[in-house]
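**Student:** Chain order of the listed sequences is C and Z. FYI, the UniProt record's numbering numbers position 160 of the first sequence as 160, with every residue one higher than the one before it. FYI, the UniProt record's numbering numbers position 233 of the second sequence as 233, with every residue one higher than the one before it.
By construction, these hints were calculated from the structure, which means they are not laboratory data. Check before you lean on any hint, since a few could be wrong.
[Stated by the list, open to error] Listed next, the stretches of chain Z that the computed footprint assigns to chain C, with coverage defined by at least 3 CB atoms under 8 Å from CB atoms of chain C:
{"hint": "1", "segment": "280-291"}
{"hint": "2", "segment": "392-405"}
[Unchecked claim] For lysine to aspartate or glutamate, the following EDC-like pairs were computed, each having C-alpha atoms within a straight-line distance of at most 16 Å:
{"hint": "3", "chain 1": "Z", "residue 1": "K395", "chain 2": "C", "residue 2": "D79"}
{"hint": "4", "chain 1": "Z", "residue 1": "K241", "chain 2": "Z", "residue 2": "D66"}
{"hint": "5", "chain 1": "C", "residue 1": "K116", "chain 2": "Z", "residue 2": "E320"}
{"hint": "6", "chain 1": "C", "residue 1": "K96", "chain 2": "Z", "residue 2": "D400"}
{"hint": "7", "chain 1": "Z", "residue 1": "K212", "chain 2": "Z", "residue 2": "E258"}
{"hint": "8", "chain 1": "Z", "residue 1": "K256", "chain 2": "Z", "residue 2": "E405"}
{"hint": "9", "chain 1": "Z", "residue 1": "K241", "chain 2": "Z", "residue 2": "E258"}
{"hint": "10", "chain 1": "C", "residue 1": "K116", "chain 2": "C", "residue 2": "E164"}
{"hint": "11", "chain 1": "Z", "residue 1": "K250", "chain 2": "Z", "residue 2": "D66"}
{"hint": "12", "chain 1": "Z", "residue 1": "K250", "chain 2": "Z", "residue 2": "E405"}
{"hint": "13", "chain 1": "Z", "residue 1": "K241", "chain 2": "Z", "residue 2": "E181"}
{"hint": "14", "chain 1": "C", "residue 1": "K116", "chain 2": "Z", "residue 2": "D200"}
{"hint": "15", "chain 1": "C", "residue 1": "K35", "chain 2": "C", "residue 2": "D81"}
{"hint": "16", "chain 1": "Z", "residue 1": "K318", "chain 2": "C", "residue 2": "D79"}
{"hint": "17", "chain 1": "C", "residue 1": "K116", "chain 2": "C", "residue 2": "D73"}
{"hint": "18", "chain 1": "C", "residue 1": "K35", "chain 2": "C", "residue 2": "E164"}
{"hint": "19", "chain 1": "Z", "residue 1": "K395", "chain 2": "C", "residue 2": "D88"}
{"hint": "20", "chain 1": "Z", "residue 1": "K251", "chain 2": "Z", "residue 2": "D5"}
{"hint": "21", "chain 1": "Z", "residue 1": "K318", "chain 2": "C", "residue 2": "E172"}
{"hint": "22", "chain 1": "Z", "residue 1": "K100", "chain 2": "Z", "residue 2": "E211"}
{"hint": "23", "chain 1": "Z", "residue 1": "K318", "chain 2": "C", "residue 2": "D60"}
{"hint": "24", "chain 1": "C", "residue 1": "K96", "chain 2": "Z", "residue 2": "E405"}
{"hint": "25", "chain 1": "C", "residue 1": "K210", "chain 2": "C", "residue 2": "E172"}
By construction, the Cβ of each residue, glycine as well, lies at the ideal position given by its N, Cα and C atoms.
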Amino acid sequence: MDSTPVIALVDVRKIYPLLSGDVHALDGVSLRIEKGEFVAIMGPSGSGKSTLMNQIGCLDVPTSGTVRIEGQDIGLLSDFDLTALRRDSIGYIFQKFNLIPLLTAYENVEYPLVLKDRTYDTSGRVQALLDSVGIDAALAAHRPAELSGGQQQRVAVARALVNEPAILLCDEPTGNLDSKTSTQIMEMLARLNREGRTVIMVTHDESTAKYADRTIRIQDGRIA
Amino acid sequence: MKKPDIIFQLSVRSVRLNLLRSVLAALGIVIGVVAIASIGMISANMTLSVTEELSATANILVVTADSGGGGGEPGPGSGGSSSDDDEDYLTSDQFDDIRKAAGSSFVYYLYSESDRIETGDSSGHATIYAMEDEAMTEILTLTEGSFPSTTSQVVIGPDLVERYGIEVGSKVSIGDEDDDEGETTVRVTGILEERGMSMDINSDSAIITTEKFFTGRYDGEDEYSQVNVVVDDIDEIDTVKESIEDSLNKKENEVKVEDSSRMLDSISSTLGTITSFALAIAGISLLVAAVSIFNVMMMSVTERIREIGILRSIGTQKNEILRMFVYEAAIIGVVGAGIGAILSLIIGYVVVFGMVGTTEYFFAWDSIINVPEGMIIGAVICVVSGVYPAWRASKLDPIDALRAE
Ligand SMILES: Nc1ncnc2c1ncn2[C@@H]1O[C@H](COP(=O)(O)OP(=O)(O)OP(=O)(O)O)[C@@H](O)[C@H]1O
Ligand SMILES: [Mg+2]
């Protein structure tokens with residue numbers, strides 16, 4: 001394929017210098033992920049999966065090596081530009097949902113949109129997204145603390161999608177959910193992938209990984 | 001539908017969620033603003049009322065012997081018979097010179113002494129003044145009775161009336177039996193109108209006698225304590241002053257000529273010192289407020305580390321995090337300062353009435369400006385105290401912050 005991959009990592013290393021000795025959380029990872037792929041990342045605890053996701057998600061920059069998102073080397077970007085990239089090009093779904101406790105479900109979804117556009121949405125797009133993940137207007141008026149885990153994760157999915165990101169990053173999205181709710185969330189991610197979105201997901205669960213086109217296995221900071 | 005800045009909304013939510021904590025922090029600012037504004041208003045009202053009182057005598061020059069230049073030579077009559085008599089005084093020659101130099105101004109001389117007085121069963125000290133009959137009727141105004149026509153008659157100031165319960169017809173004894181001058185009893189024939197503070201003559205708590213009585217009792221004829229010059233036109237005051245100085249201080253400095261501006265300056269500077277001191281104390285209350293805001297903001301940042309991590313990870317800029325916390329401090333500051341302003345109007349009004357005795361200058365610009373000034377100082381202090389915690393919040397690493405529990 002000639003087109004630039006959505007994500008390209010070349011020999012990425014992440015070293016945490018600790019008094020007890022350096023921790024090589026990522027030890028020379030190279031990978032390409034094409035637009036529209038659904039990739040699962042698996043590996044034992046402490047193998048470096050979250051660290052890898054943080055590099056891809058522009059929350060962190062590698063100690064060495066290059067990370068390109070849509071062709072752009074993130075090592076060359078300022079904090080301001082990285083933040084803008086996170087806001088506009090990446091949607092995050094976390095294991096712990098990570099909704100903003102001060103805002104209602106609706107406002108949580110609206111927030112990244114307002115940050116980006118500097119104006120409030122009047123097209124009904126926010127509620128339409130919430131409807132598509134099964135949160136009606138009445139439920140959307142609740143604060144995260146008043147929602148179940150499954151409901152919170154649906155809101156988080158809607159929030160991740162609101163700025164039409166190129167990439168959807170999910171770090172154990174079903175880790176805190178029961179199996180029925182997990183299936184619903186996975187169906188949702190599969191549907192989003194079918195609609196053309198690139199999805200990268202960390203999981204411990206083989207049954208969850210089977211939704212993905214491809215599985216990357218990590219061991220001790222390297223691709224196994 | 002126009003909704004406010006989303007960052008600002010987050011700040012408002014945070015203040016509302018921690019309402020008690022925010023209110024307690026704002027309380028410090030309220031107290032600080034009330035203290036600053038009230039003290040400023042008291043000072044302004046005092047200055048304004050003193051200025052007003054003094055400006056009534058702004059056209060008056062007071063001429064006294066210049067102690068440095070050795071005014072009148074001790075005349076044979078003064079002979080040091082009384083302990084107060086070795087003061088410098090002006091002579092009748094000098095008085096004539098002043099009168100000539102002052103042109104059309106009304107010029108009169110004043111004798112003055114301090115002496116013991118006794119009436120009924122109470123006694124105390126008072127200033128005893130004497131002047132020409134002509135000057136008395138020109139300068140002083142009676143609210144009751146008439147000016148003295150014999151040496152045993154006097155008029156008295158309203159403060160003495162109040163203090164000793166004297167009325168027209170009362171007898172007052174001047175002096176002490178054991179003294180050289182002995183004790184003389186006089187009769188009050190009139191009560192003076194209140195003049196307030198002034199530099200030329202403080203008649204409110206004085207006894208005004210005839211010239212004959214005064215020189216008879218204290219000797220020192222033609223040895224005047226001071227000469228007052230009432231200038232017709234206030235714009236001429238400097239000219240007259242110079243003319244007197246030129247004419248009398250030719251060879252050596254015989255006299256000192258003062259106008260009310262000097263007295264005003266010295267009162268203002270005294271008031272200024274007292275005000276600065278009081279403001280310094282009020283400043284401490286603002287310092288305490290600043291510390292409490294700082295504390296509350298640090299708590300808010302610490303409590304919300306995880307939330308900051310979420311906000312940063314989904315694309316909130318550092319400067320937006322900074323703004324969020326500065327807004328939070330500003331909301332507390334503005335609300336606190338607003339309440340402080342309202343309270344300082346109420347408290348200030350009461351305190352100014354109590355301490356200055358009048359609220360007629362309360363809404364004057366110099367007085368009322370202290371309220372917005374106090375408000376701005378309070379609000380600015382709040383924002384400044386919030387800057388460091390906000391900066392700390394904005395510097396947090398998103399990954400570390402997300403990991404926090
Ligand atoms: N901030 C940090 N400072 C020091 N070491 C770190 C830091 N973050 C991660 N590590 C180390 O890097 C390694 C990889 O961590 P990472 O969180 O990526 O693992 P993971 O694969 O996501 O594990 P899990 O499945 O438990 O989430 C671990 O050994 C971890 O201790
Ligand atoms: Mg992990």
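**Student:** Confirm or reject each hint.
**Tutor:** Taking the hints in turn, this is what the structure says about them:
no.: 1; hint: 280-291; verdict: violated (count 0)
no.: 2; hint: 392-405; verdict: holds (count 3)
no.: 3; hint: Z:K395 to C:D79; verdict: holds, 11 Å
no.: 4; hint: Z:K241 to Z:D66; verdict: holds, 15 Å
no.: 5; hint: C:K116 to Z:E320; verdict: holds, 12 Å
no.: 6; hint: C:K96 to Z:D400; verdict: holds, 15 Å
no.: 7; hint: Z:K212 to Z:E258; verdict: violated, 28 Å
no.: 8; hint: Z:K256 to Z:E405; verdict: violated, 80 Å
no.: 9; hint: Z:K241 to Z:E258; verdict: holds, 8 Å
no.: 10; hint: C:K116 to C:E164; verdict: holds, 11 Å
no.: 11; hint: Z:K250 to Z:D66; verdict: holds, 13 Å
no.: 12; hint: Z:K250 to Z:E405; verdict: violated, 89 Å
no.: 13; hint: Z:K241 to Z:E181; verdict: violated, 37 Å
no.: 14; hint: C:K116 to Z:D200; verdict: violated, 75 Å
no.: 15; hint: C:K35 to C:D81; verdict: violated, 22 Å
no.: 16; hint: Z:K318 to C:D79; verdict: holds, 8 Å
no.: 17; hint: C:K116 to C:D73; verdict: violated, 22 Å
no.: 18; hint: C:K35 to C:E164; verdict: holds, 14 Å
no.: 19; hint: Z:K395 to C:D88; verdict: violated, 21 Å
no.: 20; hint: Z:K251 to Z:D5; verdict: violated, 78 Å
no.: 21; hint: Z:K318 to C:E172; verdict: violated, 27 Å
no.: 22; hint: Z:K100 to Z:E211; verdict: violated, 22 Å
no.: 23; hint: Z:K318 to C:D60; verdict: holds, 15 Å
no.: 24; hint: C:K96 to Z:E405; verdict: holds, 11 Å
no.: 25; hint: C:K210 to C:E172; verdict: holds, 14 Å
Hint check: violations occur at hints 1, 7, 8, 12, 13, 14, 15, 17, 19, 20, 21, 22; the rest are consistent with the structure.
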